[in-house]
Amino acid sequence: MITVAQIINGVVIGSGYALLALGWTILLGAARVVNFAHGQLYMLGAFVTWWVMTQSGAPYWLGLLAALVVMAVIGALMQRILLRMTLEHDLVRIMIVTLGFSYVLTSVATILFGGNAQQVKSPLQGLSVTVGDTLLSYQDILIVVLALVLFLATSLVLRRTRLGRVIRAMAEDPLLAELGGMRPSRIYIGVFAFSAVLAALAGGLLTTRSPVFTTLGGEQVLLTFVIVVLGGVGRVWGNLLAALGVGLFTSIFGALVSPAYTTGVLFLIVLVLFTIRPRGVQLHD
Amino acid sequence: MTAVISTTGLSVRYGGNVALQPVDLEVPEATLVTVVGANGAGKSTLLGGIAGWSRGRPVFGGKVALRGVDITSKSAPDRARAGVTLVPESHSIFYDLTVAENLGLQRPRRGVEGHVFTLDEVYALFPRLSERPGQRAGSLSGGQRQMLAIGRALLANPQLLMLDEPSIGLAPQVIVEILQVVRGLVDGGMTVLLSEQNVTAVMGVSDELILLERGTVVLRGKPDDVKSDHRLIDAYLGMES
Ligand SMILES: Nc1ncnc2c1ncn2[C@@H]1O[C@H](COP(=O)(O)OP(=O)(O)OP(=O)(O)O)[C@@H](O)[C@H]1O
Ligand SMILES: [Mg+2]
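Chains as they are written, first to last, in the working numbering: chain A, 1 to 285; chain B, 286 to 526.
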């Protein structure tokens, strides 16, 4: 029996995944950067929020804001290191370096924050509405609404603004863009920072639902990968649908069968899709 | 009067391979200078050297000045912003963007000398573009792509407009049409450096011809003065075959 609670839980989890996937797919579409450290950015978003709150007694929102700022800077630095490889579309070296980043970030986080699981509380968790016989907290509503708003905003920027046109042009041919006076390095750094901020936002929001460890991250990157494959690289709306689908699947399959197999089954679906419908890398909305 | 663009000893090397021997070149205001030469002679390399740009990993030598101001140390985007505009030979527009989006990429530059092109003027110059602003550029015909590339370049308000083999792959009547537009721009005050293999097509419209052979300038002069030169005829026959 599928329950309302499972569906609500699936939509909330899916919205968190959507926030995680949005930055990753835009980064891949715009700069051809496959960021294997994206899950660690999620983990750090949660930990920086927690750390700022416990160190300074700051409220949740301030901790979350601090995490977004810190992760924007770290994201920009990471892209700075990757710049040459990105301009040359050197995919193999990019993957190796971002894989390296993921290990470095995990180690640094463990040194700074310790090996214990941590969790933070949001003031919105105490407030809730009842849907059927299920409690839906304001924090969960916030996650869903934020995901929708950010997807809509991203889609509008890509489609309707000059910045969006420049990002799409850069995705197609950064060297040609240089001849138009555009500077790919700035766009790449901006897009990476945006992607890091979204990962951190997902981490900072979802850590109120379940605790985080510094070793977290690998699973998140794999899930993101699945979502982007299902939704299409750089396809904003496709990714939102895919994320919600994966969220619902995780919630329902986890409840009805076993949470232990969800990731395995998701990858099986991806393998089948790869075989029957291989798709190129393009930036659409 | 200083030339719009001048190079002193401009050279380009790819690893150990010298693609362009040191060249001194001047393109005076409101003239059409055409670089001709066979495949691999170095035409694209010369234009790229002036723009500070290449799809490979070049090593540039010598100096480039824009209206007497040294721009050698500027990057390709900065030279483009200063008014050195290159339309490269292949993939010169963004296929994933529409016609209108391609034309809307350029942020209008302020405080530039000379005529400032508007979108309406570009559409008036190439009416076939104005009929399909929402069409994906990748689905345009070869001639339409070239028109879009030139239109995009004009909106950058170039001091020097460089077109690298705009005739490539186009039907003869389209080549004539595009070269007529280019000549019209020059008559209106634009300064253009063109590269071409099709010598016949450019003879009548160019103010000066520069013949490149294996990275070296072997001949230059007004079309009437060089048209019977055996080197040009040889090169030209070689290109036709
Ligand atoms: N990216 C690159 N890497 C290495 N060598 C290059 C590169 N681009 C050009 N060259 C070399 O530079 C020389 C001149 O090439 P260039 O493209 O300038 O010739 P071209 O006159 O434009 O020829 P075409 O008419 O075929 O366009 C050639 O010997 C070529 O091998
Ligand atoms: Mg060429």
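Keep in mind the hints are simulated off the structure, nothing from the lab. Please note: incorrect hints may appear among the correct ones.
[As the list claims (entries may be wrong)] Straight-line Cα separation of at most 25 Å, SDA-like style, residue types lysine to any residue; simulated pairs: (1) B:K507 - B:R468; (2) B:K359 - A:A58; (3) B:K359 - A:F253; (4) B:K359 - A:G264; (5) B:K359 - A:R80; (6) B:K359 - A:F213; (7) B:K359 - A:R93; (8) B:K348 - A:L175; (9) B:K359 - A:F249; (10) B:K359 - B:G347; (11) B:K507 - B:L351; (12) B:K359 - A:R186.
None of the values given here were measured: they were computed from a predicted structure.
Right, here's what the structure says about each hint:
A distance of roughly 15 Å separates the Cα atoms of K507 of chain B and R468 of chain B; the hinted pair therefore holds under the 25 Å criterion. Between the alpha carbons of K359 of chain B and A58 of chain A the distance comes to roughly 47 Å, so the proposed pair goes past 25 Å and is violated. Taking the CA atoms of K359 of chain B and F253 of chain A, the gap is about 58 Å. The hint is violated against a cut of 25 Å. For the hint pairing K359 of chain B with G264 of chain A, the CA-to-CA distance comes to about 52 Å; that exceeds 25 Å, so the pair is violated.
For the hint pairing K359 of chain B with R80 of chain A, the CA-to-CA distance comes to about 20 Å; that is within 25 Å, so the pair holds. Straight-line distance between C-alpha atoms of K359 of chain B and F213 of chain A comes to about 48 Å, which puts the hinted pair past the 25 Å bound. Pair hint K359 of chain B plus R93 of chain A does not hold up; C-alpha atoms about 28 Å apart against a cutoff of 25 Å. For the hint linking K348 of chain B to L175 of chain A, the alpha-carbon distance of about 22 Å falls within 25 Å, and the restraint holds.
Restraint check for K359 of chain B and F249 of chain A: the C-alpha separation of about 54 Å exceeds 25 Å, so the hint is violated. With a C-alpha separation of about 13 Å, the suggested pairing of K359 of chain B with G347 of chain B holds against the 25 Å cut-off. At most 25 Å may separate the alpha-carbon atoms for a hinted pair to count; K507 of chain B and L351 of chain B meet this at roughly 23 Å. Only pairs whose Cα atoms come within 25 Å are accepted, and K359 of chain B paired with R186 of chain A is accepted, the gap being roughly 17 Å.
Hints 2, 3, 4, 6, 7 and 9 from the earlier list are contradicted by this structure; the remaining hints agree with it.
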